[in-house]
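Protein chains in written order, with the numbering used here: chain L, 10 to 200; chain Y, 10 to 200.
Just so you know, the hints here were simulated from the structure itself, not pulled from any lab data.
Don't take every hint at face value.
No copy is singled out in the list; a pair is fine if it fits within one copy or between any two copies.
To be verified - Mimicking DMTMM-like on lysine to aspartate or glutamate, the simulated pairs with C-alpha atoms at most 20 Å apart in a straight line are:
#: 1; residue 1: Lys119; residue 2: Asp171
#: 2; residue 1: Lys108; residue 2: Glu51
#: 3; residue 1: Lys183; residue 2: Asp141
#: 4; residue 1: Lys76; residue 2: Asp141
There are 2 protein chains.
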Amino acid sequence: MGALSRAAHALSFLLLSLLSITADASSLCSKQGSSLVRNISEATQSDFGRGGLAHITVAGALLHGMKEVEIWLQTFAPGTRTPIHRHSCEEVFVVLKGKGTLLLGSSSMKQPGTPQEFGIYANSTFSIPVNDPHQVWNRDEHEDLQMLVVISRPPVKAFIYDDWNVPHTAAKLKFPYYWDEECYNAPKDEL
Amino acid sequence: MGALSRAAHALSFLLLSLLSITADASSLCSKQGSSLVRNISEATQSDFGRGGLAHITVAGALLHGMKEVEIWLQTFAPGTRTPIHRHSCEEVFVVLKGKGTLLLGSSSMKQPGTPQEFGIYANSTFSIPVNDPHQVWNRDEHEDLQMLVVISRPPVKAFIYDDWNVPHTAAKLKFPYYWDEECYNAPKDEL
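Please construct the entire structure, taking both the sequences and the accompanying hints into account.
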């Protein structure tokens, strides 16, 4: 192969790489609503930096232009859990596979306190009282816990607690949330 | 058996029947939110007068006190379909089993007109543009079509079209909707 040919080869490789990067960013964050019916099996799935989580935004504010509801498909590997957190939107879970525990703290005391525990299982549903601190935990040693999660008022604005004794006022806002980080365009400062 | 004994027997039967009626009405319409985690397999399922439909309100405004989102589990027998209808809330479908067709009319003409057709299938998702007239149809001859349906702003206020050529202004409000009829307490007239 001559030098020119090698250069052309290198350039075409670079161009292809750039195209591929563009396509990736586009598939992650562009409005994916151009096709009305979408195959969930082909949707982007990631742990978004949380080991043991597989998250898909089935219908979302940032990805699909939803304004009032958002739906996630989430799979938790054995032993993994959500942070302890609260939000002022409604949230409903439908458990598709596996089993686990819902831990639910109080919003009426100064801090969540010792949480109540509820068993959750395939074909069960539960909704989180608005603003109650909670955590969903796959305590099983072998089986994944898979759930459809529905929230109102997307994108979610969650306050995270390091433990159940952190005062509500000290919980830290995590916004945009893990899966919204890459696709959220912060409004520009108005001066 | 003496007359008194027969009367007592009849009375206790009547009381038991009344208790049973009360229990039924209660299980259909009382806030079922007292248990935080509910088994969907044990939820009330009915066709609500629409042959071939099996509807379960997984989390609802009237049944469970939801204010911003509502979730249904619906199964359509082969050949059955929803009415042609529209509503001003968001609606997302997640297809769990089977396949079918989404028919989608226009909200920008005087009437829906000839609808666009979209194939829907297990593991697909789609959302209905707010106020677009639509119909979901299980055209398969053998298999059920099962979907989770999420709406915002419950309970749903739907306008029904007899066919695709009915003007939008002539579509008829059906409120409360089929599964909300028994549990909806109309606000009293204020004079």
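Against the structure, the hints come out as follows:
Within a single copy, lysine 119 and aspartate 171 get their C-alpha atoms as close as 15 Å, which meets the 20 Å cut-off; across copies the closest is 56 Å, which misses it. For a Cα distance limit of 20 Å, the shortest separation of lysine 108 from glutamate 51 across copies, 17 Å, qualifies, whereas the shortest one inside one copy, 25 Å, does not. Proximity of lysine 183 to aspartate 141 under the C-alpha cut-off of 20 Å is restricted to the intra-copy arrangement: shortest distance 16 Å within a copy versus 35 Å between copies. Within a single copy, lysine 76 and aspartate 141 get their C-alpha atoms only as close as 23 Å, which misses the 20 Å cut-off; across copies the closest is 16 Å, which meets it.
Against the hints set out earlier in the document, no violation occurs for any number.
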